[in-house]
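Colleague: One-letter residues, chain by chain:
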Amino acid sequence: MSSEPIERRVSYLGDRLRGSRCQICGKEYFEIRDYCGDCGRKSFEKMSKIDLFYDLGKFEVCTLVSEPTNKFTKLGNYFYGIVSFHDGKIRVPGRLTDKIVKCDENIDLSTLEGRNVVPRFRRRYSVDKNDVIPTISLAFTLADEYYPYQEYKIAKPSKEYDAPGIVGYAVYTSRFRIREESIERSVPFIDEDSITAAVEAGKLALIHSGVENSEVGKVYVGTESNPYAVKPIAAKVAQVLKLGEEDEDVQGVDAIDTEFACKAATSMFKDATSLVSYPKSNVKYAMVIGVDNSQAAPRNCPGGELDFFVGYGGAAYIFGKYDVIAEVEGWYSCTSDTPDFWRRDGEPHPMHGGRFTGDPAYFKHVRKAAKKLMEQHNLQVQDIDYFVAHQPNPQFPTRIAKELGFKDEQYLPSLQVVKFGNTYSGASLVGLAAVLDVAKPDERILVASYGSGAGSDAYLLVTTSQLADKRQRQKMSAKFQAESPFKEFVDYTTYRRLKQGM
Amino acid sequence: MQIRPAIIAAGRTKFGEHYEKEPEKLIEEAWLRASQEANIERKNLDACYLSDYFLPITNKLGLEEGFLSELTELHVPMEVTRSFGSALSNACNAIQAGKYNMVLVGGIEKMTDRWDKIRDDLMLLEDPWSYYAGGTPEANHELMFRAYIKKHGITGENLEKLNVALAQIAVKNHLHATKNEYAQYQRRITVEQVLNARKEARKPLGLYDFAPVSDGASSIVLTNEKTAEKFSDKPVYVCGNSSATDYLSFSARADMTHFIVTQMAMKVALKTAGIDIKDIHLVELYDQSTFMEMVSLEDLGFCESGKAWESVYESCQNYKGHYDIAERKLFTNTNGGLKADGNPLGATGGAQIFEIFKQLRGEAGERQVSDEKELKYGCTLELEGFGTKGYVYILGRN
Chain A
1 MSSEPIERRV SYLGDRLRGS RCQICGKEYF EIRDYCGDCG RKSFEKMSKI
51 DLFYDLGKFE VCTLVSEPTN KFTKLGNYFY GIVSFHDGKI RVPGRLTDKI
101 VKCDENIDLS TLEGRNVVPR FRRRYSVDKN DVIPTISLAF TLADEYYPYQ
151 EYKIAKPSKE YDAPGIVGYA VYTSRFRIRE ESIERSVPFI DEDSITAAVE
201 AGKLALIHSG VENSEVGKVY VGTESNPYAV KPIAAKVAQV LKLGEEDEDV
251 QGVDAIDTEF ACKAATSMFK DATSLVSYPK SNVKYAMVIG VDNSQAAPRN
301 CPGGELDFFV GYGGAAYIFG KYDVIAEVEG WYSCTSDTPD FWRRDGEPHP
351 MHGGRFTGDP AYFKHVRKAA KKLMEQHNLQ VQDIDYFVAH QPNPQFPTRI
401 AKELGFKDEQ YLPSLQVVKF GNTYSGASLV GLAAVLDVAK PDERILVASY
451 GSGAGSDAYL LVTTSQLADK RQRQKMSAKF QAESPFKEFV DYTTYRRLKQ
501 GM
Chain B
1 MQIRPAIIAA GRTKFGEHYE KEPEKLIEEA WLRASQEANI ERKNLDACYL
51 SDYFLPITNK LGLEEGFLSE LTELHVPMEV TRSFGSALSN ACNAIQAGKY
101 NMVLVGGIEK MTDRWDKIRD DLMLLEDPWS YYAGGTPEAN HELMFRAYIK
151 KHGITGENLE KLNVALAQIA VKNHLHATKN EYAQYQRRIT VEQVLNARKE
201 ARKPLGLYDF APVSDGASSI VLTNEKTAEK FSDKPVYVCG NSSATDYLSF
251 SARADMTHFI VTQMAMKVAL KTAGIDIKDI HLVELYDQST FMEMVSLEDL
301 GFCESGKAWE SVYESCQNYK GHYDIAERKL FTNTNGGLKA DGNPLGATGG
351 AQIFEIFKQL RGEAGERQVS DEKELKYGCT LELEGFGTKG YVYILGRN
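For the record, the sequence lines run as chains A and B. In this text, residue positions in the first sequence follow the working numbering: the first is 1, and each later residue adds one. In this text, residue positions in the second sequence follow the working numbering: the first is 1, and each later residue adds one.
Just so you know, the hints here were simulated from the structure itself, not pulled from any lab data. What you are looking at is a predicted structure, and each value in this text was computed from that prediction instead of being measured.
Computed cross-link-like contacts, DMTMM-like style, restricted to lysine to aspartate or glutamate with a CA-CA straight-line distance of at most 20 Å: (1) A:Lys280 to A:Glu160; (2) A:Lys71 to B:Asp116; (3) A:Lys89 to B:Asp255; (4) B:Lys199 to A:Asp104; (5) A:Lys74 to B:Asp120; (6) B:Lys150 to A:Asp108; (7) A:Lys58 to B:Asp255; (8) B:Lys199 to A:Asp108; (9) B:Lys117 to A:Asp128; (10) A:Lys74 to B:Asp116; (11) B:Lys150 to A:Asp87; (12) B:Lys199 to A:Glu105; (13) B:Lys151 to A:Glu113.
Model the full structure from these sequences, guided by the hints.
Modeller: So this is what it looks like as structure tokens:
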């Protein structure tokens, strides 16, 4: 058993890399201090809080760890060293993550030393199955590789819109991929899971939106692969991203996890939209995250068919009424009790209704939601510029798009499943993000998600001129991640091992 | 100094794997050897200072004082600290203050009883963040080594020489241990072995660069100058000693290429002993790694900063049993150092004192350094953690 009070303190400091700075002499500390060691008593009340979460560090010196301590053995070989921030004012220990060190690889430490690194939010080490999952941001990746350094610049809103909508978004998928036939799928590194993906996606969405973290009043995390049966991922997101006003060590934000197979997040788009519109809610911005690290049974076992398509990652969206990039025009949802996919409590892998998953499940619900919404708004297929459907595989979204009468150019930009695999609760969100990455102002997008069990949420969005303005703020676009020269391909055995996690 | 502490006896066990022995057997053995030598009885002891790092963890033995009392039937004041250097420091203070006449200082560690977890335990000696970030007991040595290379701009041929010099330190220490019947590894190794182990591990330092995990115990009997004369015709005096403390977090220290605790402790120890560093020809260094031995030569002031490897390299080309530093002989780790003698943490410092004690008295047998008669002073350096605490002792015959 881990010790929970220690866990709380370590993750409070370590997840965000919190520290202090003496306002008298400028000395910095990687810890919360009430006074400066050099300045002594006169520095009481003169210590400001800092954190390194969005900062660029430098990997000063490093070594290879091939015989780690017991809780780190699943990481295999890794680089460990000292990272400096703020021109060496503050130095912390750190390990390089997202790197598989091969047994025959020639090691030259000087090729890593002196390079810039970015803090990443990851699992800290392995623990027993019934323990609290420890996390930390003393895990770093090279800033000139898959995950570039991006400044988090808060932008003062310039315009209030009549209709609420999306003000920022981001996709997060891992650096690793498995390629089988024509499909590439994201594979989490061994220290990643749906918790870490949710934080990463939320972090990148904040960067894209320029929204001040303290002004986010609600966060929803939709997932079906929370490593906990009971314990919200949203609380971790709220704490690490410092959403809402921070008072002592508590965040003034409402945070909740939602679950409805793959539509857990899209379902909340309308809740977020409504919340930011209601004048008495006091919520200026709401964040919706959809991520998954769904597990699949081995291929020769029941449920093993899911192993061909399962990916990793997701996306985050921030809703509000200021500096909107895509206004929400309307929505329609439908639900039925259809048992096409499920996972019983305590079971590691979900089960799948085989052929049943197609017509009576996916197609029936997506068709209904999309059609109803278009009818309600008197829209024809040609009035819509882009169509985004839930994408558990390449075939389903293609078939439904064609059936509804959409042309290639309307639905192909959204088809991301061939690049990242099925990201479950993140799938339609990633598809929408890819469309927003390329859409022009004043274009209409129809999104129809699907969640097994079963239901669909359809949304109509209309882009604004601010879409193009904000685009340059996000280096980590879906395209950037899909086409990165730094993505690394792993074989099937490695993919299964990484997917199992620490 | 009004009252000078004097060592009248020293005893130790063999270091290594003592699977068959309970921890108390080891300390008993060390104590018996020391007490027999000086013909001391338990009743002569006014107090005991014991050191161990991990007995509560490795052997579920907390309140070690109680178990020592049970073992000895002694009910005198007893205190436990982590390192031998720390225990001895407390003992010296008490003797100097005139509070006690004669005390036992003992050190013990039983690491192999917890073979599968001992490297995790060793992380207790570092800042927790380095553990959380994936650090290992070896990592800081390698990081400091990397920082040292960078700071001093050592490249190319010089870097190769430095790498060989560090290997030679391990080779030299193993050579010394062949003459030490208490040593854990009484066999020679070669420079190639050291270099190959690094190559195999693909790391700056390899298996042969690091001290082992060991079991063992050591003890000395400390008294004042006056009492010493009654029990021994050649007591060894603690002429000067000091310690210093630094951050637990290696990464947060201002200088990542040196141990300031060593520098500070040595400065004060020399001052209290009233001698010059040139008077010291015998030194026991805390070589948890070969790099640590090398950098300690600089921190203690024997070599200039960034230059120790050159002296080591030149001395080991045709090794004559000592380093040649500025045309002076420096006998270093004559017992084989932590590398070959062994490193049962709480007892290690005792083995260092034991060695200087024996050498200064001309009782080191086969490994007695040739010019024993010229040996006036010997010095020990013990570190707690990765340079978090440093203890320096200067011992002398006069």
